[in-house]
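Heads up: the protein sequence lines correspond to chains A and B, in order.
For the first sequence, the positions run 1 to 223 when this note's numbering is used.
For the second sequence, the positions run 1001 to 1223 when this note's numbering is used.
Derived from the structure by calculation, the hints contain no laboratory data.
Relax, there's no trap hidden among the hints.
For each label pair, taking beta carbons as the anchor points, the in silico distance ranges come out as:
#  : chain 1 : residue 1 : chain 2 : residue 2 : range
1  : B       : LYS1154   : A       : ASP46     : 34 to 44 Å
2  : A       : ILE20     : B       : LEU1056   : 47 to 57 Å
3  : B       : ASN1069   : A       : ALA148    : 36 to 46 Å
4  : A       : GLY192    : B       : ILE1020   : 43 to 53 Å
5  : A       : ASN29     : B       : GLN1178   : 43 to 53 Å
6  : A       : LYS154    : B       : GLU1171   : 29 to 39 Å
7  : A       : ASP85     : B       : GLY1192   : 43 to 53 Å
8  : A       : ASN29     : B       : LEU1221   : 18 to 28 Å
9  : B       : LEU1056   : A       : ALA148    : 35 to 45 Å
10 : A       : ILE20     : B       : PHE1058   : 44 to 54 Å
11 : A       : PHE78     : B       : ASP1142   : 37 to 47 Å
12 : B       : ARG1060   : A       : HIS28     : 35 to 45 Å
Even for Gly, the Cβ is constructed at its ideal location relative to N, Cα and C.
There are 2 protein chains.
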Amino acid sequence: MDRYVVIVAGGIGSRMGEEIPKQFLPLHNKPIIIHTINQFLIFDPDIQIVAALPELHFPRWKTLAKKYNLFENIAVVFGGQQRFDTVKNALKIIPDGALVAIHDAVRPIVSIKTIAQSFKTAEKFGSAIPYVLPGASVRFDDENGNIAPLDRNKVRIIQTPQTFHSTKLKEAYLQSYQENFTDDAAVWEKAGNKLTFFEGDTENIKITLPIDLKIAEYLILHE
Amino acid sequence: MDRYVVIVAGGIGSRMGEEIPKQFLPLHNKPIIIHTINQFLIFDPDIQIVAALPELHFPRWKTLAKKYNLFENIAVVFGGQQRFDTVKNALKIIPDGALVAIHDAVRPIVSIKTIAQSFKTAEKFGSAIPYVLPGASVRFDDENGNIAPLDRNKVRIIQTPQTFHSTKLKEAYLQSYQENFTDDAAVWEKAGNKLTFFEGDTENIKITLPIDLKIAEYLILHE
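Bound conformation, chain A alone (with noise of 0.2 Å):
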């Protein structure tokens, strides 16, 4: 099956207290978007990527495509209101019956391994979505004054890239919005679509904070 990405990089930047959006902001000489983006074409040269940017950005994103020579391999979608907007934006230029792969593109550090795993297991199964344990406790706050511990064992946190058939995600888009649509996983599931997990790595953090910046540089400069 064909093998598109879709670098959802919708977010117009202000937690990080820049004017810059994240996905631009420089990690060891590149913008972040561009490690994201070379992972992907590490993996699979012949992957087809589609960039889904702020439209206030887009003057930011032809310098870049032109700079690292871009253009050949990349569409260009528009991001909407909602990171459910953005996708829906994206899946329109997405054909049917391929394999398509859904990542942040503030997760700059994923593993060629983890991008391979999550189309294998999509490819087989329909879906395919990465998660790590975490690493301390983990409690519920039930919001009636209640924060009960929850098995940490059973507990996954949910990373990207999320992978699948789509055909099924594509029609699964056609819901309305909902607030709980936080991830890609939520669309497909809430379709009446059943989910596959696998174990990804802990080193694919997604950037948000400043000192997310300062732990993705470091891991890029050991890598």
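Put chain B on the given structure of chain A with help from the hints.
Just chain B now, with coordinates in the frame of chain A:
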């Protein structure tokens, strides 16, 4: 109230793939446990410290204590089979009517601010448990084939230092060991006491895997 801290270093270390347990591994030229102890001494030079160590590694500790001039400040007790037994051993030498923080030796990046807030909160409310929010979607495996989403805004990743009124914590540790006693909060709560939570910081990482050691090194260098 007098302040005590138990530095829990019971682990004999296997997950790191090293013969030396992780609390003794070097981190920017000093063993991890020395960084951890120093943070508490910076917070309060008069704090009374109990290090709970594997008996097997006591010779290693003696060498360190001499090198870093720690004999005056620090009492040593030996670790038990479980973390529960280790803390219980340490509490035997803590007086009633004090405040006692229990802290993982392998969390050397703990900030002075978090230590201060833990003691202050516990003095007022009896207990103080630091937590952080997860940075990603979270699910829970109910082991009936259902891995259901949790509202991530209600999930609490629990950290240390967990601080308590010593009299009541010592009472709580008279209970028999249970498998779900993964931290002191669980022991305290099971004895019928109320838990008070406060927001810690994401930099207060627990060094479990080799990658965590790399991250800690980076954080120490960029403090």
